[in-house]
Amino acid sequence: MKNKALIVAISEFTTLVRSKAFIVGLLMMPIFSGVAIGVQKFTKDATDVKDRRFAVVDRTGTLFAPLKAAADEWNAGVRAAVPQTAPLYLPSEVTLDANDAQGLAALSDRVRKEEIYAFVEIPATALDPASTEPLRYYSNHPAYRTLPGWITGTVNREIVNRRFRDAAVDRALVSRLTRRVEMSELGLLQRDTSGAIKAAAPIDKIRTVAIPVGMMMILLFSVMSGAPQLLNSVIEEKMSRISEVLIGSVTPFELMMGKLAGSVAVSLLLAGVYVVGGLIVANHFGYGDVVRGTDIGWLLLFLLMASFMFGSVFITIGAACSDLKDAQGMMPPAMLLLMLPWLTWFAVLNAPDSPMAMGLSFFPTATPFLMLLRIMLPPGPPVWQIAVSVAITALATVVMVYAAGKIFRTGLLMQGKAATFGEMWRWVRTS
Amino acid sequence: MPPAIRLESVSKRFNGVAAVDALTLDVPDGSIYGFIGPNGSGKTTTLRMIMRILLPDQGRIEVLGSAGTAAARDRVSYLPEERGLYKKMTVRRLLRYYGQLKGRTVAELDPVIDEWMARLGMQEWGDKVIEALSKGMSQKVQFVGAVISKPDLLILDEPFSGLDPVNAESLKDAVLEIRRRGTTVVFSTHDMATAERMCDRIFMIFRGRKVLDGTLADIQAQYGYDTIRLRTADGAAVLAGVPGVEAVNDYGQLQEVRVSDPQGFLKALASKTAVHQFEIMRPSLHDIFVRIARPEGDGVGMPSAGTE
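Protein chains in written order, with this note's numbering: chain A, 1 to 431; chain B, 432 to 739.
There are no misleading hints in this set.
Calculated lysine-lysine pairs in the DSBU-like style (CA-CA distance at most 30 Å, straight line): (1) A/417 with B/566; (2) B/559 with B/518; (3) A/20 with B/559; (4) B/519 with A/417; (5) B/518 with A/417.
Source of the hints: derived by calculation from the structure; they are not laboratory data.
Hey, can you work out the whole structure from these sequences and the hints?
Shown next as structure tokens:
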């Protein structure tokens, strides 16, 4: 005779994988990634190519000409490209007296009327190395950075060249003398079995960063696709009184474990599809060796713990509520726990050995994701940290499943208003 | 033979209110046992305690000879008042699932499912999704889900509610068939006529306490022949002012009247109108129920002490 929790698990799994939500979840990651890459490519080439006419108030009297020459050179390059991928820069010189506020106001009006896009004021002291007076760029499009960036770069190049010339210093010599010595980042030299030394390989960001982050994302997507469905499932069973029929056949604990196991199986299936798909793609691009067997092992372990842990949370919310509206009210704390790794992974990526990264990877709801990331980022955390984090998380998982069992047993048949956190705590504490 | 169900001084309170109060009863093995009682009287709470869905605060419950929570679980099936069916599942898949939860294999279940679906005229529904079914169809599916595991005890909470006469009749026949196969059936109902016709014994609960428990004949005998079924030329209106009338149930074409002196009543009535039908009888279960449970009576219609 089959174990009843297993019967429930099989039913839950079958129901979930036949649902539209599962198909969407399965396709979500590759579609999401594909769309993100596609959108970036598309928007990169789809820039605004409208002409940028701008006025220049050159109080030095000498910088407009080189600025105009640079614009002409820029425009020649833009016109040569088919299709056009950048705007033409069309400067015009405007002569104003010093402190001519009316003149500046008139230029502002021209910007408002869209006769010009912006205007720039080059101060008279711009060529003086001791001056701190800035260039002034006036526009009503503060988010558009390309034009002011080009103007700043072009004017400063000319100013610096003039300063060097005035100081009779050869700019080219200075460039040669001040040329930076670049650094190439490498891994470590290896000795093979015969004692021969293998050269250090260059650091590949895809190997060292992209793939660890990708594995963490697979874990996150897999857990998020399975665990939240439990909340809907429990509430549906409560609202439809299916729970009364089920409790006549199985104990509440069997029912809960069956539902958790079904959800874990769905997460495992999703993770398996993503990992296999990802390995095929990685292999195609020559990165098939990056993911080690032990990494897959860690992924599975953390997936199991995260699925049980978060599954327990969502089952608890479903059991404590009688409708989806109440459940939505209880979701924020649960979502905060789930979002913690999402909010902090980047900081952990940049400093995986920092005290913050260590502390976060000991926090049970973040451990599966952040510790997996740290394990896959070379050189990996010390073994004791992995052992402690796994132990803490395993204990937390057992506690959460136990608490969920108590709350599930009492809340499953409860109708009417949602239980408060105080009531749930009381259920956990009483037998 | 031990009773299928034994309750000994079972009590259950919710927020300080006694839903069930010191209830003691035995359900004989192999019988059809009817639970009746007004809304909120404790019927469903009692059934849920028997099913171990709720645990009593006091007292002891034995089901099929066992007081343990899990021992008889696979031998008892339950049909709750509000139907519990997965809307997106097909009929056959749902029936298999419920049957497997009772410890049966798919190989054991499929022929039984086919048999019951044929019996209840559901042969073409196997691949239909539950949400596509009508209420009557869903109730049949739920019933089949409860019986396919061949339980020793079947508990039905309001199984006939909302069914049209045809479906109610086929379900009634199914219940009788189940009993013929040896299953003890307990069902709660508000339909007194069905309870009268089907139940070997009837139990009534009122405000959490047992007020009736016995065969229909035993129950009626507690009230004696105090009911007159009559039809007159002038209907119920003529009864106003006739002495000795304690209560009148007017059914339009005929009336059921409770009197203390049937002969005196007949004499008085005959002087006022033409009497077409005059039948002295025991009160119906419906009448007894109303006597006990009507709000203004506060249970005054209960049988006198020492007669239970």
